[in-house]
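Chemist: Below are the chains, spelled out letter by letter.
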Amino acid sequence: DTEVTQTPKHLVMGMTNKKSLKCEQHMGHRAMYWYKQKAKKPPELMFVYSYEKLSINESVPSRFSPECPNSSLLNLHLHALQPEDSALYLCASSQPRRLTTRNEQFFGPGTRLTVL
Amino acid sequence: AQSVTQLGSHVSVSEGALVLLRCNYSSSVPPYLFWYVQYPNQGLQLLLKYTSAATLVKGINGFEAEFKKSETSFHLTKPSAHMSDAAEYFCAVNSEGSNYKLTFGKGTLLTVNP
Chain A
2 DTEVTQTPKH
12 LVMGMTNKKS
22 LKCEQHMGHR
32 AMYWYKQKAK
42 KPPELMFVYS
52 YEKLSINESV
62 PSRFSPECPN
72 SSLLNLHLHA
82 LQPEDSALYL
92 CASSQPRRLT
102 TRNEQFFGPG
112 TRLTVL
Chain B
119 AQSVTQLGSH
129 VSVSEGALVL
139 LRCNYSSSVP
149 PYLFWYVQYP
159 NQGLQLLLKY
169 TSAATLVKGI
179 NGFEAEFKKS
189 ETSFHLTKPS
199 AHMSDAAEYF
209 CAVNSEGSNY
219 KLTFGKGTLL
229 TVNP
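So the sequences go chain by chain: A and B. For the first sequence, counting from 1, position 65 maps to 66 in the numbering used here; every step adds exactly one. For the second sequence, counting from 1, position 92 maps to 210 in the numbering used here; every step adds exactly one.
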């Protein structure tokens, strides 16, 4: 299984809502990532979890809260978002400790988020 | 710090023509280089990667890329374009000193005309 799955596929939320994005992989990867992608731009890294610990936070506003319940799951909790947070949110995973694969990331299909 | 430059934000070819998407990188350490493809409303899919083994790398869907250290390039080619190749293509390099970060180029949109 070389797939990263993400749910939901689409999400529309108001600025006062609380919602969560979910990501799952069964490749035995020990690093998982959240990216934000705006239209016609490359993905921007938000968070990295390595061995279930938060390793990188790219100065993301606290209205985004990541969680890694186990090595296969990654969540992104959303609260009090702004319309400018509307974007495609991508999850990815990789195997960080093998020299030749550590930056080789496998991406999920993304969640298209619209904040009204 | 690493950087990636993709020349041409938009490349248009005819079906059956050669596809050439350009990527130049800068890195003070031996780079690991990647090409990803993104179809509309989808995630990124790894096309191919260079990790210091063979300089000519073959990927999926008939794409290949050649690592040229002297030119700091990793251009993506396909001999004959197909309509299904229309997508956004991103070149990326591993970020120095990080097991996790990739530095992406700005992307090249490939359109294929019938």
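Don't read these hints as lab results, they were simulated from the structure. Each hint should be verified, as a subset may be incorrect.
[Claimed, not checked] Here are some of the chain A residues that sit facing chain B, going by a computed Cβ distance under 7 Å:
1. M28
2. G29
3. A40
4. M47
5. Y52
6. A81
7. E85
8. A88
9. N104
10. P110
11. G111
[What the hints assert, rightly or not] Derived pair list, reagent style SDA-like, types lysine to any residue, alpha-carbon separation capped at 25 Å:
12. K176(B) with V116(A)
13. K23(A) with K176(B)
14. K37(A) with N217(B)
15. K42(A) with V116(A)
16. K10(A) with S73(A)
[What the hints assert, rightly or not] Derived CB-CB ranges, DEER-like:
17. R64(A) with T190(B): 13 to 23 Å
18. R98(A) with P232(B): 23 to 33 Å
19. K41(A) with M201(B): 33 to 43 Å
20. K224(B) with P84(A): 36 to 46 Å
21. R31(A) with K224(B): 40 to 50 Å
22. G180(B) with M28(A): 21 to 31 Å
23. R99(A) with A135(B): 30 to 40 Å
24. P9(A) with S202(B): 38 to 48 Å
25. V13(A) with L174(B): 41 to 51 Å
26. P9(A) with P197(B): 37 to 47 Å
27. L136(B) with S63(A): 44 to 54 Å
28. M201(B) with M16(A): 34 to 44 Å
29. S216(B) with L117(A): 31 to 41 Å
30. S170(B) with V13(A): 28 to 38 Å
Nothing here was measured: the structure is a model prediction, and the numbers come from that model. Ideal Cβ placement from N, Cα and C applies to all residues, glycine included.
Chemist: Which hints, by number, does the structure contradict?
Modeler: Hints 1, 2, 3, 4, 5, 6, 7, 8, 12, 13, 17, 18, 19, 20, 21, 24, 30 contradicted; others consistent.
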